[in-house]
Amino acid sequence: MYDYKENRVHGGSSYADAMYRFGATSEHYARRMTERTIEKEWGKDSPYRYFGADTFFIISRNDVPMIIKDYAFVEMHRCTAVHSFENWVKELVRKE
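Numbering (full-length UniProt numbering), first residue to last: 1 to 96.
These are computed hints drawn from the structure, not numbers from a lab. In this text, all values refer to a predicted model and were calculated from it rather than measured experimentally. Where a beta carbon is used, it is the ideal one built from N, C-alpha and C, also for glycine. Any given hint could be a false lead.
In silico DSBU-like cross-links for lysine-lysine, where the CA-CA straight-line distance does not exceed 35 Å [said to hold, decoys possible]:
{"hint": "1", "residue 1": "Lys95", "residue 2": "Lys44"}
{"hint": "2", "residue 1": "Lys69", "residue 2": "Lys44"}
{"hint": "3", "residue 1": "Lys69", "residue 2": "Lys95"}
{"hint": "4", "residue 1": "Lys90", "residue 2": "Lys69"}
{"hint": "5", "residue 1": "Lys90", "residue 2": "Lys44"}
{"hint": "6", "residue 1": "Lys69", "residue 2": "Lys40"}
{"hint": "7", "residue 1": "Lys40", "residue 2": "Lys90"}
{"hint": "8", "residue 1": "Lys95", "residue 2": "Lys40"}
Derived Cβ-Cβ restraints for the label pairs, each shown as a range [stated by the list, open to error]:
{"hint": "9", "residue 1": "Asp63", "residue 2": "Ser14", "range": "27 to 37 Å"}
{"hint": "10", "residue 1": "Lys40", "residue 2": "Ser60", "range": "14 to 24 Å"}
{"hint": "11", "residue 1": "Ala72", "residue 2": "Met19", "range": "17 to 27 Å"}
{"hint": "12", "residue 1": "His28", "residue 2": "Leu92", "range": "17 to 27 Å"}
{"hint": "13", "residue 1": "Pro65", "residue 2": "Arg32", "range": "13 to 23 Å"}
{"hint": "14", "residue 1": "Lys69", "residue 2": "Pro47", "range": "11 to 21 Å"}
{"hint": "15", "residue 1": "Arg32", "residue 2": "Cys79", "range": "16 to 26 Å"}
{"hint": "16", "residue 1": "Asp63", "residue 2": "Met19", "range": "34 to 44 Å"}
{"hint": "17", "residue 1": "Ile68", "residue 2": "Lys90", "range": "27 to 37 Å"}
Construct the complete structure from the given sequences, taking the supplied hints into account.
See the structure below:
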């Protein structure tokens with residue numbers, strides 16, 4: 001699938017975090033970072049859900065799809081900055 005390891009930005013809040021961010025597949029990274037960001041913002045009662053497929057993912061609010069992106073989008077963020085993808089998700093799901 002998408003594997004752009006040589007272009008990814010290195011870094012993280014700890015050694016283990018940096019190793020995960022560098023080595024995780026696009027699919028696993030998107031799921032984990034999206035679910036982690038949603039839980040930080042909303043806790044367990046979040047209206048947001050993540051659904052991952054082979055080539056794309058969906059973020060829904062109250063079971064209505066809001067965003068459909070492919071994993072190349074995730075890799076684009078991973079090549080931009082360490083926390084770029086999480087910041088994008090945070091803006092999407094923040095409480096108003």
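Hint-by-hint comparison with the structure:
1. Lys95 - Lys44: holds, 14 Å
2. Lys69 - Lys44: Given that 35 Å is the threshold and the Cα spacing comes to 24 Å, the pair holds.
3. Lys69 - Lys95: holds, 22 Å
4. Lys90 - Lys69: holds, 16 Å
5. Lys90 - Lys44: Holds, at roughly 16 Å.
6. Lys69 - Lys40: Holds - the C-alpha atoms of lysine 40 and lysine 69 are around 22 Å apart, at most 35 Å.
7. Lys40 - Lys90: Holds. Lysine 40 to lysine 90 sits at ~9 Å (cutoff 35 Å).
8. Lys95 - Lys40: holds, 11 Å
9. Asp63 - Ser14: 27 to 37 Å: holds, 35 Å
10. Lys40 - Ser60: 14 to 24 Å: Holds, since lysine 40 and serine 60 (Cβ atoms, about 18 Å apart) stay within the stated range.
11. Ala72 - Met19: 17 to 27 Å: The hint (17 to 27 Å, Cβ to Cβ) holds, given that alanine 72 and methionine 19 are roughly 23 Å apart.
12. His28 - Leu92: 17 to 27 Å: Check passed, 19 Å falls within 17 to 27 Å.
13. Pro65 - Arg32: 13 to 23 Å: With Cβ atoms ~20 Å apart, the hint holds.
14. Lys69 - Pro47: 11 to 21 Å: holds, 19 Å
15. Arg32 - Cys79: 16 to 26 Å: Because 18 Å falls inside the window, the suggested range holds.
16. Asp63 - Met19: 34 to 44 Å: Hint holds: Cβ distance 35 Å, inside 34 to 44 Å.
17. Ile68 - Lys90: 27 to 37 Å: violated, 19 Å
Going down the numbered hints, you'll see the structure goes against just number 17.
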